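There are 2 protein chains.
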Amino acid sequence: MRLNKRIAILSPVAWRTPPRHYGAWETVAGNIAEGLVARGWDVTLFATRDSVTRAHLHAVVDRGYEEDSAVDPKVAEYLHISEAFEHASEFDLIHSNYDFMALTYSRLVKTPVLTTIHGFSSPAIMPVYEKYRDGYFVSISDSDRAPHLNYLATVYNGIDLSLYPFHELAGNDLVFLGRIHPDKGVHLAIQVARLAGLPLLIAGIIQDRTYFREQVEPYLDEKIRYIGPVDVPGKNKLFARARALLHLNAIPERFGLVLAEANAAGVPVIAMDLGSCREVIEDGRTGFLVNSVEQAAQSLERLSEIDRAACRQRVERCFSIATMVEAYERVYAAIFDLEAAKQS
Amino acid sequence: MRLNKRIAILSPVAWRTPPRHYGAWETVAGNIAEGLVARGWDVTLFATRDSVTRAHLHAVVDRGYEEDSAVDPKVAEYLHISEAFEHASEFDLIHSNYDFMALTYSRLVKTPVLTTIHGFSSPAIMPVYEKYRDGYFVSISDSDRAPHLNYLATVYNGIDLSLYPFHELAGNDLVFLGRIHPDKGVHLAIQVARLAGLPLLIAGIIQDRTYFREQVEPYLDEKIRYIGPVDVPGKNKLFARARALLHLNAIPERFGLVLAEANAAGVPVIAMDLGSCREVIEDGRTGFLVNSVEQAAQSLERLSEIDRAACRQRVERCFSIATMVEAYERVYAAIFDLEAAKQS
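Going down the list, the protein sequences come from chains A and B.
Here our numbering is used: position 190 in the first sequence is 190, and no number is missing along the way.
Here our numbering is used: position 76 in the second sequence is 420, and no number is missing along the way.
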């Protein structure tokens with residue numbers, strides 16, 4: 001099948017694909033493109049012009065609008081999305097990793113459109129999904145599903161394991177890695193570190209300045225440090241020093257790429273039992289699922305129960321690019337069958 | 345021609361069509377629709393659901409996003425614009441009165457798309473016009489044209505003269521009518537009123553609160569009054585009391601609907617000689633074009649030279665709905681000819 005099918009992968013243009021620091025949607029869209037290329041597909045990636053890919057790159061936006069204030073987000077989005085749809089006839093499938101906006105072009109082309117819903121950015125966008133509910137949808141976890149939408153499958157995000165070397169020995173520090181935003185529970189990670197009397201390294205872009213100033217900064221000292229955003233090598237340095245990753249999200253996680261990345265490096269994850277965390281972390285095997293700061297602190301005493309090699313093995317099995325792309329190949333095949341049935 | 349052609353008029357959804365108070369783009373889109381219906385065309389107006397029209401109304405957005413905070417602007421725009429294009433095959437022409445966004449759907453449909461450019465909302469949007477420069481464009485004044493764009497014509501905005509009764513006798517007050525925003529020169533109107541020692545009535549929505557607080561509010565007293573936004577009857581009350589309309593815009597005007605409305609009521613207009621004002625106001629005949637506050641104040645002494653009936657006659661001749669719609673009929677005919685030539 002794959003040799004004569006042409007796939008367009010539509011990535012967001014907030015950041016480069018793959019992103020330098022932050023940008024989960026672009027990360028996954030890039031991984032899908034690379035994984036498909038590796039398996040012999042003819043893939044065109046629609047992304048910013050500075051993106052790095054082995055697929056054909058098709059770009060009309062020079063740089064991510066979050067990275068370059070000269071790029072107008074609204075103009076970039078309309079030009080970028082429409083460009084992909086204007087080239088629809090060159091593809092057998094458009095696989096959108098964009099937010100709801102791309103759906104509004106989908107009925108104007110004959111090419112089938114698959115949307116991986118990387119998250120519902122706001123309840124206000126639900127009417128768009130309501131209108132286009134007859135489209136093809138994939139969820140990134142079983143927990144992050146909207147009722148009344150027909151999903152073809154859940155396909156877990158896959159990470160590039162070669163980027164995250166395995167560390168056999170545990171480090172000493174606790175690590176927080178993610179956006180500095182109340183949703184991500186940085187303040188809860190700080191509470192756990194203080195309860196446990198352990199050092200904590202905090203890394204990530206500051207998305208909510210007030211939150212950082214009021215609930216993070218006052219607690220920074222020799223033991224609890226904020227080191228700014230980190231790229232992949234930076235993440236690996238953190239993983240090498242990590243006793244555990246603290247991911248005490250305050251709202252349901254949609255997937256949680258960083259959980260898989262930490263596990264890939266052999267780092268156990270202590271995660272709030274909300275949303276998809278239960279699907280990514282196997283409680284007691286690759287980390288601990290908790291419901292409170294106290295439970296999180298207690299679980300730190302049980303870290304010796306976690307087999308670090310088992311953490312990596314689970315990521316290799318469940319959250320590798322190959323696993324993800326094989327799942328998408330099954331979804332694509334289902335769509336091609338459904339489309340062929342429509343024609344006949 | 346008109347009897348067998350179906351026209352879609354795409355109006356913005358910031359406000360109802362026609363708007364209750366402010367909303368120039370919706371006003372003109374509504375006037376085009378009504379004017380075409382009056383002349384026997386089959387017209388569908390894409391606008392908010394609470395719009396009032398004799399055309400067929402097609403709506404997916406309940407209320408204008410500027411009028412109802414429950415309406416998400418981004419979601420409303422994407423749903424509204426795409427809806428019109430999804431129905432493209434039902435029309436012989438889509439006449440867009442929307443900002444640049446609608447252009448990004450235009451190549452996905454076979455129906456020709458005419459865009460009346462009601463203004464370039466930001467230099468950042470020019471790349472969109474650059475890309476779609478092979479489209480059909482109309483400017484609303486000769487002065488508001490972008491270089492490198494091919495325009496089929498300038499079609500001046502038309503107003504509904506029946507809404508603005510003629511007042512033979514001049515009133516005593518100076519009137520400012522427009523958005524409270526530095527671009528509109530409310531502060532300059534205040535300076536003129538103070539120089540001339542005449543009362544000034546200021547009406548319009550406050551778009552820039554800081555500007556209002558710092559450059560308008562401190563000067564309000566018994567003689568210089570701010571009365572809030574006004575609807576059409578409110579405008580007519582102002583025109584009945586008006587000695588002249590002060591329109592001392594600080595940036596080039598694109599068209600200036602209120603200039604035509606005031607003239608229709610017989611009210612002379614003192615306007616800054618920037619942008620389209622020279623096209624709407626005939627200097628010395630329907631008002632005065634000035635370059636400074638001092639000139640504006642001096643021109644107040646020459647108001648007796650203006651024949652109020654001539655003001656209305658000029659609007660009837662140049663800026664009526666009928667005049668506008670006849671001009672659009674010529675543009676439509678040219679498009680149908682060009683499209684027919686493409687087919688053959």
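No wet-lab data here; the hints were simulated from the structure.
Hints are supplied without guarantee of correctness; some may be wrong.
[Claimed, not checked] Taking beta-carbon pairs under 8 Å as the criterion, some of the chain B residues facing chain A (in silico): (1) 449; (2) 453; (3) 471; (4) 617; (5) 618; (6) 619.
[As the list claims (entries may be wrong)] Only pairs whose alpha carbons sit at most 16 Å apart, straight line, appear in this in silico EDC-like list of lysine to aspartate or glutamate: (7) A/131 / B/478; (8) B/475 / A/62; (9) B/454 / A/86; (10) B/686 / B/478; (11) A/110 / B/430; (12) B/454 / B/486; (13) A/131 / B/434; (14) A/223 / B/478; (15) B/475 / A/86.
[Unchecked claim] Chain B stretches covered by chain A per the calculated footprint, using a threshold of three residues with CB under 8 Å from any CB of chain A: (16) 424 to 430; (17) 441 to 448; (18) 457 to 469.
These numbers come from a predicted model, not from an experiment.
We put the CB at the ideal spot given by N, CA and C, even for glycine.
Hints, one by one, checked against the model:
1. 449: holds, 7 Å
2. 453: holds, 6 Å
3. 471: Holds. Min distance 7 Å.
4. 617: violated, 31 Å
5. 618: violated, 26 Å
6. 619: Not OK, violated: residue 619 of chain B not within 8 Å of chain A, min 23 Å.
7. A/131 / B/478: violated, 31 Å
8. B/475 / A/62: Distance ~15 Å between residue 475 of chain B and residue 62 of chain A Cα, so the pair holds.
9. B/454 / A/86: holds, 12 Å
10. B/686 / B/478: holds, 13 Å
11. A/110 / B/430: holds, 12 Å
12. B/454 / B/486: violated, 29 Å
13. A/131 / B/434: violated, 20 Å
14. A/223 / B/478: With a Cα-Cα distance of about 62 Å, the restraint between residue 223 of chain A and residue 478 of chain B is violated, given a limit of 16 Å.
15. B/475 / A/86: Holds, because 12 Å separates the two Cα atoms, which is no more than 16 Å.
16. 424 to 430: holds (count 4)
17. 441 to 448: This one holds; 3 residues, not fewer than the three required, reach chain A with a Cβ under 8 Å.
18. 457 to 469: Coverage by chain A holds for the stretch 457 to 469 of chain B (3 residues, Cβ < 8 Å).
Hints 4, 5, 6, 7, 12, 13 and 14 from the earlier list are contradicted by this structure; the remaining hints agree with it.
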